[in-house]
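**Student:** Knowing the structure of chain A, use the given hints to seat chains B, C and D on it.
Protein chains: 4
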Amino acid sequence: MVYKIPSLVESLVSDRAKKLIELLDDFVENVSSMPNWEKEKTDGRQVVPNVIEELKKKARKLGLWNLFLSKDYKEGAGLTNLEYGLMAEITGKCLRLAPEAINCSAPDTGNMEVFAKYGTPEQKARWLTPLLEGKIRSAFAMTEKAVASSDATNISTSIIRDGDHYIINGHKWWISGSGDPRCKVFLVMGKSDPNNKNKHRQQSIVIVPADTEGITIVRPLTIFGYDDAPEGHCEIIFKNVRVPKQNIILGEGRGFEVIQGRLGPGRIHHCMRSIGACERALDLMLLRVTDPSRKTFGRLLAEHGTIVADIARMRIEIDQARLLVLNAAHMIDKKGAKGAMKEIGMIKVIAPAVLLNVLDRSIQAHGAAGVSDDFPLAAMYAAARTLRFADGPDEVHIQQIGKLELKRAVEIGKNAEKRPRKIVSKL
Amino acid sequence: MVYKIPSLVESLVSDRAKKLIELLDDFVENVSSMPNWEKEKTDGRQVVPNVIEELKKKARKLGLWNLFLSKDYKEGAGLTNLEYGLMAEITGKCLRLAPEAINCSAPDTGNMEVFAKYGTPEQKARWLTPLLEGKIRSAFAMTEKAVASSDATNISTSIIRDGDHYIINGHKWWISGSGDPRCKVFLVMGKSDPNNKNKHRQQSIVIVPADTEGITIVRPLTIFGYDDAPEGHCEIIFKNVRVPKQNIILGEGRGFEVIQGRLGPGRIHHCMRSIGACERALDLMLLRVTDPSRKTFGRLLAEHGTIVADIARMRIEIDQARLLVLNAAHMIDKKGAKGAMKEIGMIKVIAPAVLLNVLDRSIQAHGAAGVSDDFPLAAMYAAARTLRFADGPDEVHIQQIGKLELKRAVEIGKNAEKRPRKIVSKL
Amino acid sequence: MVYKIPSLVESLVSDRAKKLIELLDDFVENVSSMPNWEKEKTDGRQVVPNVIEELKKKARKLGLWNLFLSKDYKEGAGLTNLEYGLMAEITGKCLRLAPEAINCSAPDTGNMEVFAKYGTPEQKARWLTPLLEGKIRSAFAMTEKAVASSDATNISTSIIRDGDHYIINGHKWWISGSGDPRCKVFLVMGKSDPNNKNKHRQQSIVIVPADTEGITIVRPLTIFGYDDAPEGHCEIIFKNVRVPKQNIILGEGRGFEVIQGRLGPGRIHHCMRSIGACERALDLMLLRVTDPSRKTFGRLLAEHGTIVADIARMRIEIDQARLLVLNAAHMIDKKGAKGAMKEIGMIKVIAPAVLLNVLDRSIQAHGAAGVSDDFPLAAMYAAARTLRFADGPDEVHIQQIGKLELKRAVEIGKNAEKRPRKIVSKL
Amino acid sequence: MVYKIPSLVESLVSDRAKKLIELLDDFVENVSSMPNWEKEKTDGRQVVPNVIEELKKKARKLGLWNLFLSKDYKEGAGLTNLEYGLMAEITGKCLRLAPEAINCSAPDTGNMEVFAKYGTPEQKARWLTPLLEGKIRSAFAMTEKAVASSDATNISTSIIRDGDHYIINGHKWWISGSGDPRCKVFLVMGKSDPNNKNKHRQQSIVIVPADTEGITIVRPLTIFGYDDAPEGHCEIIFKNVRVPKQNIILGEGRGFEVIQGRLGPGRIHHCMRSIGACERALDLMLLRVTDPSRKTFGRLLAEHGTIVADIARMRIEIDQARLLVLNAAHMIDKKGAKGAMKEIGMIKVIAPAVLLNVLDRSIQAHGAAGVSDDFPLAAMYAAARTLRFADGPDEVHIQQIGKLELKRAVEIGKNAEKRPRKIVSKL
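Residue numbers (full-length UniProt numbering), protein chains in the order written: chain A, 1 to 427; chain B, 1 to 427; chain C, 1 to 427; chain D, 1 to 427.
Derived from the structure by calculation, the hints contain no laboratory data. All values derive from a computational prediction rather than experimental measurement. One should not assume that every hint holds.
Pairs involving identical chains hold if they fit within one copy or between any two copies, as the list cannot separate such chains.
Stated by the list, open to error - Straight-line distance between alpha carbons at most 16 Å, and here's what the computed EDC-like set of lysine to aspartate or glutamate pairs gives: (1) K4 with D72; (2) K191 with E257; (3) K58 with D193; (4) K71 with E411; (5) K245 with E133; (6) K403 with D227; (7) K191 with E252.
Extracted from the complex, chain A is given alone in its bound form:
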């Protein structure tokens, strides 16, 4: 096994999880050696890698399947968030294939959680089952073009009840996964009650089959120059899209409740995959700076300037971030996502920041090759950059963390008052 469980959490990992980690580590190490693992292209367009179905079969047989669904769900693999977090790190070393191969790739994971947590038996039968079996894929349609949707109360797609149906009109974009031909269903967020005084009760989420009439996929958006085909991040217009009223999730006005329930574990997944991606980027840098064919002025790159110091700082940053994410995962395991709000906010900010920094330094060590697609670093950078605003920009999370800290001032002040003033100011 290449992967090492961090010393500090080893006692929190069950023997079964350790076994799965070992299997997964081998699986991921071998994934890349498949003869034709690359996404094939026809006329320069990326498509679903042809090895993916084979990999999924293999993974499922090994028990590496739906690992993300925690103990809370009977459909899940019975792992803690911390345990799956370690596995998510491993998949982060091979982002293109590994998460999907074990049926743990976003946005399907979050959507499966929604169905598992809030779905009716009918909704589960129709959508959760094929998703859990890896037969279809899905998308979550929230972000809108015309408004600042990092404040979700701005979302203005309308979801209007019309007899036994809802009629949906709106203009979404950045709907990840919606370009995949296998994407069969959208969860669409919009306003069913735009005049409700409680701004957090105006929104609902409805299930919209991807082949419903009135849906136009305008274009895939690019991230830097990547279109991330086939999944893509599409701009989509919903025009008089009609779905039966049974397609509502949880009930009208409960959209915020649903999205909040969806966020906690998903952030652990993202962040731990980011840690895995950090390790991969650092590995590549280590190979590069010790590669005799890249000598300059008679010395290995590693023997020049600040390279060694850069590597040391990367190691510190990565190890710190990993522990912080694992701590958040453990908090979710013990207190639920709500009780771990501050911890989740912190990792949401720091994991992408560390990853971008590590990627940037690794790119620099690779020179021009680093920004090309001969190495995976540039594509990883592009993807990582979006994590600084996906699910809310850094700025929003930083403010929330800061405000939670500020609240502590009251208690500190109270403790201080018990003592003479000098306690506060002295020592």
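**Tutor:** Structure of chains B, C and D alone, referenced to chain A:
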């Protein structure tokens, strides 16, 4: 006029240059309003913008032509490096069209300098004249795939004398501009005397017409997913490419001399364009954060968190970098590129760093739109990122600057010795 | 001459100023070689250095006297702010002696400006003349203990008219220079009209002779562990302190006007001295890292790790900051302090930041010796640290700069509107 | 209880340790409320706080005594390094009194470890016993003035065998604790075999009673103006100091072995105290920025600019650093100090860096008061600054960490070779 000449250098700018700056500023402000200024695409491929020839005519008529060639060249516009620097900043606000429109775009500028400085009358007639007239384009083939070419002595393409010809064999990549159908000539660097004990006398540069037999353009490389067509940055194989011996520049073994003569002013151009790009990115950010349609939680983006502070810091960083670049330009004007070595090294490091930082913050303010091609920021970021290793990575320049500083220790020590020891250590 | 005038501004410096710069440079280089130049101590207390009067005589004879008072004042040396800025840099290399030796040390400089600009003939005769002659020193009493005086409208010392007198009551602290036995006069800011609806018309400034009854100097405050005796930064209580009504500066309610008039050039002085201090700290570091007696693991410190890169980055930071300060000085020369508001704000933030960074890196290169008083670095650091809130904390200036930038959005938007929308978003 | 055990390590903390943590937390919270807890001063000199003996009695009665000595020592409290780490954090909130009150203050802790680990029964009886009882204090004399002692092989104090004695000659400085009147013994490092070809076998450590003839305490050194009396950091000359040969620790030539055995746990202590100091500095900042009396421009400091964001980032930095230190502590518990070398190096670098940053931001929020001794922040900053070179400068540790990482390249390369080349470069 939108552009403001920095107060500190105003007295160094001639009236004629001020007039040109005004013309150029208007020209660039209006460039974008042309009805079909975008690069057109056929089947998703970028081509030469169809407006470019029209723009070139217009610019030339206005006297905005070949401004980069300084007083040192009779073919030039007679401007100082500082004066042209200010103009380069203006073109940096519209990188796609403006530099080419005034026939001041890389790598042609550097190549024209080479021809003007070192070319024989025949070489000038055949290549410099059409370049100066904007009729053809050119490329500089130096970087190689198999070696770390940031140490140029590693370059291993062979240039072998065979009677009245040179025969060239080698594998280059990142040859910017070589994908442009109008690119008619390469300057190719390679080893004509690989066993010369003086490592800096092994190299020569030869002129290779683009249509010479034996040249294979393998592929355009991508930069964060962008292929930068039509110019592109191509991988090229030279196989038994044969050119007449008259095609050598300056003489055998003088390759290093040529590339060093080519670098100084070119860095001023790059860096000042970077400053212009900074201003553009900041302008876009100012518009975004004050845009009422992007309000979140009831407030403009500018009214949240650290946005105002970020903007202030960007302003400081940009203004500092601009002055440093102008100082370097002025040093070249007064002492030549050699006398300004430290100054040129410093701007080579700092200008791209500031630009990347400004772009990153501006992208963040734009959210997901910032990484897409609905705004120019992501493409600018990709291009700017390459500046941290083009013409030598940051690390090489930082070491050179540091070592030049270290040399000062001797003199400081001597001055200190004249005084009692406490001078050194006290106050 | 050791000092080099930056290339970019050389043409803005008159021959007379160049001559003075040369004299001053020699003077400062030699100051330290005086046999007993150290501040002597009696029982561990610092006192006025006994060499200071001798130095003042020497300097005055050389014409190095009151150089700070710009062309605007008939009492001044007739230099531009830019020219004096260069001289201030030189004095920054020997902060303990040089500024005072040429009668250009704070807070006297600012106070002399106030007297010169706003003083009545009587006020000038009594206070400005001896200050200009270096016979007395002075203090500016603004900051208060009980309120956040970075918002000067919070200042609550009362200045109440009582017949032909003003009666002053208040509790000040951080009154720099007030501990010096030669400090003979305070300019005291307080509220003469606390109920004025215009918050910026409530304040007045009065002249208070240091020996007036009712003044208690409570204690000198320390900065880190330094008490900066003899000048000190004292806590002072004013209790029923009575001065004649003629002691008001400019008139009742005009306190803000006075302090604003006092700030611009003073910031140039501070910032350029900071640049000089940077150079001194870097010089010490260069000596240290090339000192053969400090070899570790067989190599000079300069040959280890990131030292060379650190030095290179320091050089870039210092050179950038210097140019920015000189640009601000030139703006004041051309447009007055008001017209240079943004520029002055920027240098107020960046110069201390660069100095602290340079000092910190130089300290690190010195190891434990760096934090001791065997080298001047730690004391310089302590003093420099206060510059981040003296005359308003970084945060206030950053906000002001940012808001001035934000105002540009309107104009940018207007220019953009003239053109099709794509101009804004596309290259 | 105010202190919260981090979720991630809770299961690693025994019930007994949890009880001790609770007791210690209460003890430290109350320490400061003692009527005259301040270090008293006579004529401005600090002395041993008069409350200290009383506190020690109290602590010992509570079982809060010698907690630092881990399970490995029969004299110890039987705690793991991780458990004591949590307690060290708590004492970091009251650095002046708490560590000494529980007999866990440096450099005594390290010296006690040396005696416990390597001492003969006689050495233990004479020195370890009174140290464990808190009756005497001690110092470790390693650093020298004339050489760069961050490379310990440079140390040049001579320890020469003369019959039944060793004779010691050398010039030490920065000998912390040596100014304390209760300091009764020095461990002195020097060269007993300066010509040994193995550079790490030249050194020995001998026990030198503080009252031995030939020892001159030259002066206390200052740290940013603080002399840290009474302990102090003294310059000491050893001139023909003679001690019996039984005073050698472990044997001749084994100095390096001793100092290496001494370092691991001590770094956990330092780093966790730094985390506690961070929390204290943040607490003070939270109080300050929410203090209604510090309003500026009508708003709390917390409502201005970047304060909230600064606080959020501090929280992230502190929490990350704490987990990294605890991970290192746990590694020592499981694999010993040698097995945790990389982890120990990482915390040695990051904990002081975070602390300095947190202190600096907290100081800034306090304005001028922050650098004075009305708050503890400036003194904490001065002390924290020394941690960046105490026990080796950052630079040395960074290089070691980087080189350990570089070694991984071989294994990564081997794994990569098993797979087609594209594995290395793709995904």
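**Student:** Does each hint hold? Answer for all of them.
**Tutor:** Consistency of the hints with the structure:
1. In the homo-oligomer, the alpha carbons of K4 and D72 never lie at most 16 Å apart, since the shortest distance is 27 Å inside one protomer and 27 Å across protomers.
2. Taking the shortest alpha-carbon separations for K191 and E257, only the intra-copy value of 14 Å comes in at or below 16 Å, while the best inter-copy value is 54 Å.
3. Taking the closest pair of Cα atoms, K58 and D193 never come within 16 Å of each other, the shortest separation being 47 Å inside a single copy and 57 Å across copies.
4. For the homomeric pair K71 and E411, neither the shortest alpha-carbon distance inside one copy (35 Å) nor that between copies (36 Å) is at most 16 Å.
5. In the homo-oligomer, the alpha carbons of K245 and E133 never lie at most 16 Å apart, since the shortest distance is 26 Å inside one protomer and 69 Å across protomers.
6. With identical chains, the CA atoms of K403 and D227 are never at most 16 Å apart, being 37 Å at best within one copy and 37 Å at best between copies.
7. With identical chains, the CA atoms of K191 and E252 are at most 16 Å apart within one copy only, with a shortest distance of 9 Å there and 60 Å across copies.
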